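Going line by line, the protein sequences match chains A and B. Numbering follows the working numbering, in which position 261 of the first sequence is assigned residue number 261; successive positions increment by one, without gaps. Numbering follows the working numbering, in which position 194 of the second sequence is assigned residue number 194; successive positions increment by one, without gaps.
By construction, these hints were calculated from the structure, which means they are not laboratory data. Keep in mind that a hint or two might mislead.
Identical chains blur together in the list; that is why a pair holds if it fits in one copy or across any two.
As the list claims (entries may be wrong) - Straight-line distance between alpha carbons at most 27 angstroms, and here's what the computed DSSO-like set of lysine-lysine pairs gives:
id : residue 1 : residue 2
1  : K129      : K36
2  : K155      : K200
3  : K241      : K294
4  : K241      : K194
5  : K194      : K129
6  : K129      : K200
7  : K22       : K241
8  : K129      : K22
9  : K28       : K129
10 : K26       : K294
11 : K276      : K200
12 : K28       : K200
13 : K22       : K155
These figures come from a predicted structure and were not determined experimentally.
There are 2 protein chains.
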Amino acid sequence: METIGFIGAGNLGTPIVTNLLKAGYKVKVYNRTREKALPLEALGAELVSSPAEAAVPGGIVMSLVADDKAVESVAGDELMQALGHGGIHASMSTISPDTSRALAAHHQLQGVTYVAAPVFARPEAAAAKVGNAVISGPAAAKERIRPLLEAGFAKNIFDLGEDVGSANVLKLMGNFMIAGAIEMMAEAFALAEKNGVDPKVAYEMLTTTLFAAPIFRGYGAMVVDRTYVGNPAFSAPLGLKDMNLVLQTATRSHTPMPLAQLVQSRLMTVVARDIKDADWTALAMGALEDAGLKG
Amino acid sequence: METIGFIGAGNLGTPIVTNLLKAGYKVKVYNRTREKALPLEALGAELVSSPAEAAVPGGIVMSLVADDKAVESVAGDELMQALGHGGIHASMSTISPDTSRALAAHHQLQGVTYVAAPVFARPEAAAAKVGNAVISGPAAAKERIRPLLEAGFAKNIFDLGEDVGSANVLKLMGNFMIAGAIEMMAEAFALAEKNGVDPKVAYEMLTTTLFAAPIFRGYGAMVVDRTYVGNPAFSAPLGLKDMNLVLQTATRSHTPMPLAQLVQSRLMTVVARDIKDADWTALAMGALEDAGLKG
Chain A
1 METIGFIGAG
11 NLGTPIVTNL
21 LKAGYKVKVY
31 NRTREKALPL
41 EALGAELVSS
51 PAEAAVPGGI
61 VMSLVADDKA
71 VESVAGDELM
81 QALGHGGIHA
91 SMSTISPDTS
101 RALAAHHQLQ
111 GVTYVAAPVF
121 ARPEAAAAKV
131 GNAVISGPAA
141 AKERIRPLLE
151 AGFAKNIFDL
161 GEDVGSANVL
171 KLMGNFMIAG
181 AIEMMAEAFA
191 LAEKNGVDPK
201 VAYEMLTTTL
211 FAAPIFRGYG
221 AMVVDRTYVG
231 NPAFSAPLGL
241 KDMNLVLQTA
251 TRSHTPMPLA
261 QLVQSRLMTV
271 VARDIKDADW
281 TALAMGALED
291 AGLKG
Chain B
1 METIGFIGAG
11 NLGTPIVTNL
21 LKAGYKVKVY
31 NRTREKALPL
41 EALGAELVSS
51 PAEAAVPGGI
61 VMSLVADDKA
71 VESVAGDELM
81 QALGHGGIHA
91 SMSTISPDTS
101 RALAAHHQLQ
111 GVTYVAAPVF
121 ARPEAAAAKV
131 GNAVISGPAA
141 AKERIRPLLE
151 AGFAKNIFDL
161 GEDVGSANVL
171 KLMGNFMIAG
181 AIEMMAEAFA
191 LAEKNGVDPK
201 VAYEMLTTTL
211 FAAPIFRGYG
221 AMVVDRTYVG
231 NPAFSAPLGL
241 KDMNLVLQTA
251 TRSHTPMPLA
261 QLVQSRLMTV
271 VARDIKDADW
281 TALAMGALED
291 AGLKG
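Between the sequences and the hints, there should be enough to build the whole structure, so can you do that?
Shown next, in the form of structure tokens:
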């Protein structure tokens, strides 16, 4: 079976590589901190010591790293030369649409195809292969990476067309809407608590009827129970990074987004206060503490 | 079968009374504008010319009117005397929790029990009896009105306890969260459009996965298609009234709600511009037009 390169053995990369190994793929893994990838070696992955070593000529490298800078540093000339003509780089990180477009142009000069394939999944959803993928880029390359996304984490794959930036825009929209959902639950539950209504009862009613969606069930429980510190599935600094990307994209395209500004500001406070092991759901502390409640 | 009094033959009252008639109840209907209730007379309702005439001694009167003032004007001494000892007034309007509590105290002095039972349903959902009811007040009275809520519109009934204001608080939380959902979709879809992503594709992805809930499917389609003017199921002025109640309740309980302020301001603009036949979803025009798009 095909050998795949995978760059990034973080919270999401680890379950995805695990699934690829289970599906029978050979996987070469590069992670900046080698120690974090050792569990994958135990499962059969080959650990390599540079992004370029993860590539086979004409093959596929998937990357899932922290931010725009990390993707740019990974996808340098060495990786391009190692992948060579016919090679594909599937960039799964949540990054700016503009960075995606610039990377795609740079890849093309060297015969490599860049595909954007950001991941909608918390780690446990990726492990269970019930995540969602959005992809954009040239059609033939998308066809080649589809089976990998399915084997790795995705229940559904949504094709956003040829412009590689489109999948990144949709990923930013989704993360913005999750943050907005957390803010609105925090404000609503604060109102409940300040007016003698049990937030757990309100949560149960709203998330089994009008708002019966995974986002409200999962994050709503974290807001009501204040379980957003200790075991972050998606950290507040990463959430802040994403809201910064939303606002950067909004600013460049002249799109005023006051709700996005509000949640970005809430996340900035969580990071500024250096709250240890905060999930991005901790943005709910803003509305709760503003109302004089325990955040 | 029992004779029920029903006050208010508006967009929601009409399908509810229709269902009660179908279920075999005799219904006496009072509506300020008698003409609007004529279709219910054709279905077998008895039209009466004052709220008090809708009541039978010791019976049940349900009211579903526009706002706090309308409920207060309906639930005067004449209605109290007509209902008399053992009578129940089920107040289904979206009103302030404080108004509910004051009305309950006033009713009790005259031997009538006041129950809060606000309606979560758009007219078509009420007609199909797939709405949701939240109720609060004394237990025995709640038991008596349960079958009426089920026969009239409700698939689920959530009991918020003895404090009559509680159901009103939850109803305000729900309406605030719907308005928040509209705002966040409007900002996200504006971002999509300004960045070359088809909002319909983004809508389809987000509302079948992370946000697969009725609120996002229904209102999201109205935002994407700009079908929020012409045939309002819930008008912008009523939405503004509700957001005013949210902020009034928030202010009295010292609960800062910046997102609630934002959507209230958006609705105020729709009303200030006197946009004819605007549904409250028209608050989406704010984010769209701010971004230079057609609202």
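Comparing the hints with the structure gives:
{"no.": "1", "hint": "K129 <-> K36", "in the structure": "within (22 angstroms within a copy, 54 angstroms between copies)"}
{"no.": "2", "hint": "K155 <-> K200", "in the structure": "between (31 angstroms within a copy, 21 angstroms between copies)"}
{"no.": "3", "hint": "K241 <-> K294", "in the structure": "within (26 angstroms within a copy, 30 angstroms between copies)"}
{"no.": "4", "hint": "K241 <-> K194", "in the structure": "between (32 angstroms within a copy, 21 angstroms between copies)"}
{"no.": "5", "hint": "K194 <-> K129", "in the structure": "neither (40 angstroms within a copy, 32 angstroms between copies)"}
{"no.": "6", "hint": "K129 <-> K200", "in the structure": "between (30 angstroms within a copy, 26 angstroms between copies)"}
{"no.": "7", "hint": "K22 <-> K241", "in the structure": "neither (32 angstroms within a copy, 56 angstroms between copies)"}
{"no.": "8", "hint": "K129 <-> K22", "in the structure": "within (12 angstroms within a copy, 48 angstroms between copies)"}
{"no.": "9", "hint": "K28 <-> K129", "in the structure": "within (21 angstroms within a copy, 56 angstroms between copies)"}
{"no.": "10", "hint": "K26 <-> K294", "in the structure": "neither (49 angstroms within a copy, 51 angstroms between copies)"}
{"no.": "11", "hint": "K276 <-> K200", "in the structure": "within (26 angstroms within a copy, 39 angstroms between copies)"}
{"no.": "12", "hint": "K28 <-> K200", "in the structure": "neither (46 angstroms within a copy, 38 angstroms between copies)"}
{"no.": "13", "hint": "K22 <-> K155", "in the structure": "within (16 angstroms within a copy, 44 angstroms between copies)"}
This entry does not satisfy hints 5, 7, 10, 12, going by the numbered hints stated previously.
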